[in-house]
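Q: For reference, the chains in residue letters:
2 protein chains.
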Amino acid sequence: MTEVVVGIDVGGTNTKFGFVDKVGHCYREESILTNAQEPPELFASRVAEAIKGEFTSLRSTHSMIGIGIGAPNANYYRGTVESPPNLSWKGVVDVVGLFKKHIPLPVVITNDANAAALGEGMFGAARGMKDYIVITLGTGVGSGLVANGQLIYGSDGFAGELGHTIVDVNGRWCGCGRRGCLEQYASAGGICRTVFELLAVRREDSELRSISFDELTSIMITEAALRGDVIAREAFEVTGRILGLKLAEAVAHTSPEAIVLFGGLAHAGDLIFEPTHRYMEQYMLNIFRNKVKLVPSGLAEGNTAVLGAAALIWHELTRRG
Amino acid sequence: MTEVVVGIDVGGTNTKFGFVDKVGHCYREESILTNAQEPPELFASRVAEAIKGEFTSLRSTHSMIGIGIGAPNANYYRGTVESPPNLSWKGVVDVVGLFKKHIPLPVVITNDANAAALGEGMFGAARGMKDYIVITLGTGVGSGLVANGQLIYGSDGFAGELGHTIVDVNGRWCGCGRRGCLEQYASAGGICRTVFELLAVRREDSELRSISFDELTSIMITEAALRGDVIAREAFEVTGRILGLKLAEAVAHTSPEAIVLFGGLAHAGDLIFEPTHRYMEQYMLNIFRNKVKLVPSGLAEGNTAVLGAAALIWHELTRRG
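So the sequences go chain by chain: A and B. Just so we're aligned, residue 0 is where the first sequence starts under numbering that gives the first Met the number 0, counting upward by one. Just so we're aligned, residue 0 is where the second sequence starts under numbering that gives the first Met the number 0, counting upward by one.
Because the hints were derived from the structure by calculation, they are not lab data. Cβ coordinates follow ideal geometry from the N, Cα and C atoms, glycine included. Heads up, a few of these hints could be off.
What the hints assert, rightly or not - In silico lysine-lysine, DSS-like type, Cα no more than 25 Å apart, as pairs:
#: 1; chain 1: B; residue 1: 89; chain 2: A; residue 2: 290
#: 2; chain 1: B; residue 1: 129; chain 2: B; residue 2: 290
#: 3; chain 1: A; residue 1: 89; chain 2: B; residue 2: 290
#: 4; chain 1: B; residue 1: 51; chain 2: B; residue 2: 100
#: 5; chain 1: B; residue 1: 129; chain 2: A; residue 2: 129
#: 6; chain 1: B; residue 1: 100; chain 2: B; residue 2: 15
Said to hold, decoys possible - Among chain B residues calculated to face chain A with C-beta under 10 Å, some are:
#: 7; residue: 129
#: 8; residue: 146
#: 9; residue: 154
#: 10; residue: 159
#: 11; residue: 168
#: 12; residue: 170
#: 13; residue: 210
#: 14; residue: 211
#: 15; residue: 215
#: 16; residue: 256
#: 17; residue: 290
#: 18; residue: 301
Put together the whole structure using the sequences plus the hints.
A: As structure tokens, this is what we get:
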């Protein structure tokens, strides 16, 4: 019997799950609708039924030993999700408790970025490392910090909010109510804002001048930059400078062996990696220079979040012995 | 027999040591000249002799079980000190090896801020906490970060350099060769620089207008502020704003239960704690607000560094079982 865990990734639209063994092989990844309007009890029961259904074909050869869940606003210590931005769940929801009711196995939950960090450490770009940071550059900017081989949850379970470190106290308004958060500069939406700032300030021609704020996406900026568009290229330079500065600060905190960039904006490859790395080195204290690797995710595209959630429970089961 | 460890604090002028038991009682603290010009071999041999000499009177009732050393530029992993700023030791010195030659016991070394952090956790203001940060506001700004009950050394042993996170990329020149490091704002010298900036910009009378840059000390600023001097009070406000912002950033990294402020500038009490705490709350992401304690050192004045070094080796001996 091969031992597998279930990795569950709760998204605003779809919830994905898969059965993952200890070396990161993912069996039967499935996706079901999250139904964001549905009460969490119903959601947990539907997902649990789907898991049980999918597992029937594996039952003769595999044993299911735990469940890991990645979800927005999840709290590892309490096993809860609190007022998630994309779901209509109210207040504090005991997600771990709900799942245990249906599947009596060890269940753990954490936010998506922390799950991604454990996934990179177990199956991806940070394999074998004890000190590293994973930054997700998607709709938002998330992060998971690992030190001494352990994820840093902090006193309340909410550590690793690098997306809400402040770039400029008088900067862009953030959804969190403050100004100048990194998330407003280094996310997919952030680089769009940077383009609009540049279009206002600079005089160069740009194909991006014909696109409205509502229409512009980070993929359009990447494509324009690859075609040599000056504004698009400069937007990556600006983004890399800001992200590089904040990564240098993160290095001063935990001195990681590597920083893994993950998610939408990281797909721009060298366009974002080159300036980010250059500025990170420039803004870094001399003792850290030329040591910290800046690398893309090492997890297979598509099921990264499921692998991350699976790594979370594998990590937990290993720790508990 | 009561078990004790030796805590050694290597300073530029004096080296202090003491015998410390597991509850932080310090027996026979002594101080000898460091003789910064002397080769490290001679230094280690002198200190070891002094330790043995002092221990004779304790020998019948106490057993010595390890040595902890706090020193500038110390590397925990390698047991070395590298080009310390205040000593003429050249290159990389194997301090742990030198001490073991004279006293065959477990020996560990780390920098002063990390030792202070472990001291606060074992004997001081962070007793019982698993996640906290200690910031030393002295000639420089040092820090030690503890997460999951362990000091964060990072991949190279140099984690926790919050004094060299950047406040302003175009800011004050720092001894490290870069610009705008926190150390140039929140140290004893930093607040003096802030006073000179304010004297240039503002028109208010101030007793500090009669003091030269070379003469001004942070203690003079504290005394002037206590007498109601507007510039001196504003200097603490500015320092608190900058330090508060950087502490909010540190919270976003590791979400500590408390931040302990330690060293020269922390002695200004409410003058520095009040604005620092106010701005830290203002610049902090909502989920962290009204949770993080900002507290002064809980270690007895005078032998804080010795207690820190002792905590380092106690921590190590406990971990090794």
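Q: Does each hint fit the structure? Answer for all of them.
A: Against the structure, the hints come out as follows:
{"no.": "1", "hint": "B:89 with A:290", "result": "23 Å, holds"}
{"no.": "2", "hint": "B:129 with B:290", "result": "15 Å, holds"}
{"no.": "3", "hint": "A:89 with B:290", "result": "23 Å, holds"}
{"no.": "4", "hint": "B:51 with B:100", "result": "13 Å, holds"}
{"no.": "5", "hint": "B:129 with A:129", "result": "19 Å, holds"}
{"no.": "6", "hint": "B:100 with B:15", "result": "20 Å, holds"}
{"no.": "7", "hint": "129", "result": "7 Å, holds"}
{"no.": "8", "hint": "146", "result": "4 Å, holds"}
{"no.": "9", "hint": "154", "result": "4 Å, holds"}
{"no.": "10", "hint": "159", "result": "7 Å, holds"}
{"no.": "11", "hint": "168", "result": "7 Å, holds"}
{"no.": "12", "hint": "170", "result": "12 Å, violated"}
{"no.": "13", "hint": "210", "result": "31 Å, violated"}
{"no.": "14", "hint": "211", "result": "31 Å, violated"}
{"no.": "15", "hint": "215", "result": "27 Å, violated"}
{"no.": "16", "hint": "256", "result": "4 Å, holds"}
{"no.": "17", "hint": "290", "result": "6 Å, holds"}
{"no.": "18", "hint": "301", "result": "30 Å, violated"}
Checked against the numbered hints above, the structure violates hints 12, 13, 14, 15, 18; every other hint is satisfied.
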